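Chemist: Spelled out from the first residue to the last, the chains are:
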Amino acid sequence: MAAPSLFSTVIAACLAAMTALPAGAEQTSEEAIAEYHAMFGDENPAELWQLRGEELWKTPRGSRQVSLETCDLGKGPGVIAGAYAELPRWFEDTGKVQDLESRLVTCMTTLQGLPESEVLAIKFGDGEQKSDLEAVTAYVVAASRGSRISLPLDHPAEKAAYALGERVFFYRAGPHDFACATCHSESGKRIRLQTLPQLTTPEGAQAAYTRWPAYRVSQGELRTMEWRLQDCFRQQRLPQLKYGSDVAIGLTLYLARNANGGEMVAPSIKR
Amino acid sequence: MNSSLRVAALLLCMGPLASALADPAPDLTATLKAAFEDKRQATLDRLDQDETQKLCTQYRDQPPAEVAQEIAKMNLATVKPPADGKYLGDWKAGEVVASTGTGLQWNDDPAKPNGGNCYACHELAPAEMAYGTLGPSLKHYGKLRGQDPAVLAYAWSMIYNSSSYAPCSNMPRFGHRGILTEQQIKDVMAYLFDAASPVNQ
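Chains as they are written, first to last, in the numbering used here: chain A, 1 to 271; chain B, 272 to 472.
Treat the hints as calculated values from the structure; they're not laboratory data. Please read these numbers as outputs of a predicted model, since none were measured by experiment. It is possible that part of the hints are untrue.
Said to hold, decoys possible - Cβ-to-Cβ under 7 Å is the rule here; a few derived chain B residues that face chain A: (1) 299; (2) 307; (3) 308; (4) 309; (5) 317; (6) 320; (7) 324; (8) 328; (9) 375; (10) 404; (11) 405; (12) 441.
From the three backbone atoms N, C-alpha and C, an ideal C-beta is built for every residue, glycine too.
Take the sequences, apply the hints, and build the full model.
Modeler: Structural data, given as structure tokens:
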């Protein structure tokens, strides 16, 4: 495994310090990211997660002591190039539509023989508590950079997952009556100074979906789509979305399909 | 034609559209409940929909005129005017409510007062640049409208239950759903109307 570049490590430390700055700096989200690029160029601390993920991918682990190098993400055993741009998709062996994260859980438990409780113990990292799932996700996603999102929805279960995702997107609930659509069905709108992606049109969905997962500057963490969705529901005042649930996968597929044809750039950098 | 007949006629005419928009699969609420879990104060019952939420979901927030009227009527009936008849509280306390975005999320402290988070969606005080644009600008709200009792009552209704005048609005129904207390709504009202409030500078 290549050593993480010293530069990435330094940036991660600087960013951690930046997040301690007083809030209220009046900047739009675009201005904040532009400032970041002016300071750090194209360096992205997500590289640290990708490198750790690559090592996890290639290291024999679990009761079977095998690596993930024969894990089938939909394009054949071990093929990661372009795989994320075609997920979520139907998998014959599990009889389910799966997103990348839930598919990785399948490979870790069935291929490697890791206990599911261990695989799911840390879904989202928090400082020193590292999530293996986030790291492997970052590694696999980076192998789709430049690939165009392609979800033909050939399988009836994929069509059904899309339909579920779409219905959930417009479902209003909770004390605040919020749906996903409340914030994400009009273009050019903001929450405070944070620009909101319009997720029901190809252009809007492409702009958003192709940039997730992302290194989140405000958190000093790499975050995946599973994290992004459950955090939206937290802000909607709804309960905890279950990781890998049919609703999480349906919504992801709804967004991915709306973004069809978009060119993947993730892992990116977000405020 | 009386109004219930009109609604019935409308629903008949809209048959194919209505059935395309209505829940096709079994119960979506049950599907959602299986995909979520309780987390602190954010419990699964929050996924249950009241009648307004059901209708707004069904029509994707664009109800036909007759349905919109029914939603408005149903929600207007929930609006409780201030018990002492005084609409305006303390604008300084209202500014705090307008600027606070926390409350009712599972990671929020339930012991703290909920925020109204007005600035997330509305421009208010001209000096505050960090405002959102999902809702209309409320800059100079009281200065432009004065304090006629009808004006006060309308603004109170919009904050207490936005669907009373704007059916399926994006705006939470702050009083009806127990997000803000009566006193907090009075304070937000003062923030909008008080001549000394930064909103009217």
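Chemist: Against each hint, give a clear statement of whether it holds in the structure.
Modeler: The hints, checked one at a time:
This hint holds: residue 299 of chain B has a C-beta 6 Å from the nearest C-beta of chain A, less than the 7 Å allowed. Given the 7 Å rule on beta carbons, the hint for residue 307 of chain B holds: about 4 Å separates it from the nearest Cβ of chain A. Interface hint status for residue 308 of chain B: upheld, as the beta-carbon distance to the closest one in chain A is roughly 5 Å, under 7 Å. The beta carbon of residue 309 of chain B is positioned within 7 Å of a beta carbon in chain A (closest approach about 6 Å), and the interface hint is therefore held.
The closest approach between the C-beta of residue 317 of chain B and any C-beta of chain A is roughly 5 Å, which is under the 7 Å cut-off, so the hint is satisfied. Taken as an interface hint, residue 320 of chain B checks out: its beta carbon lies about 6 Å from the nearest beta carbon of chain A, inside 7 Å. The closest approach between the C-beta of residue 324 of chain B and any C-beta of chain A is roughly 5 Å, which is under the 7 Å cut-off, so the hint is satisfied. The beta carbon of residue 328 of chain B comes within 5 Å of a beta carbon in chain A, closer than 7 Å, and the hint placing it at the interface holds.
Evaluation of the residue 375 of chain B hint against chain A yields a held restraint, the C-beta minimum of about 5 Å falling below 7 Å. Hint status for residue 404 of chain B relative to chain A: holds, with the closest Cβ pair at about 5 Å, below 7 Å. Hint status for residue 405 of chain B: holds, given a least beta-carbon distance of 5 Å to chain A, under 7 Å. About 5 Å separates the beta-carbon of residue 441 of chain B from the nearest beta-carbon of chain A, less than 7 Å, and the hint is met.
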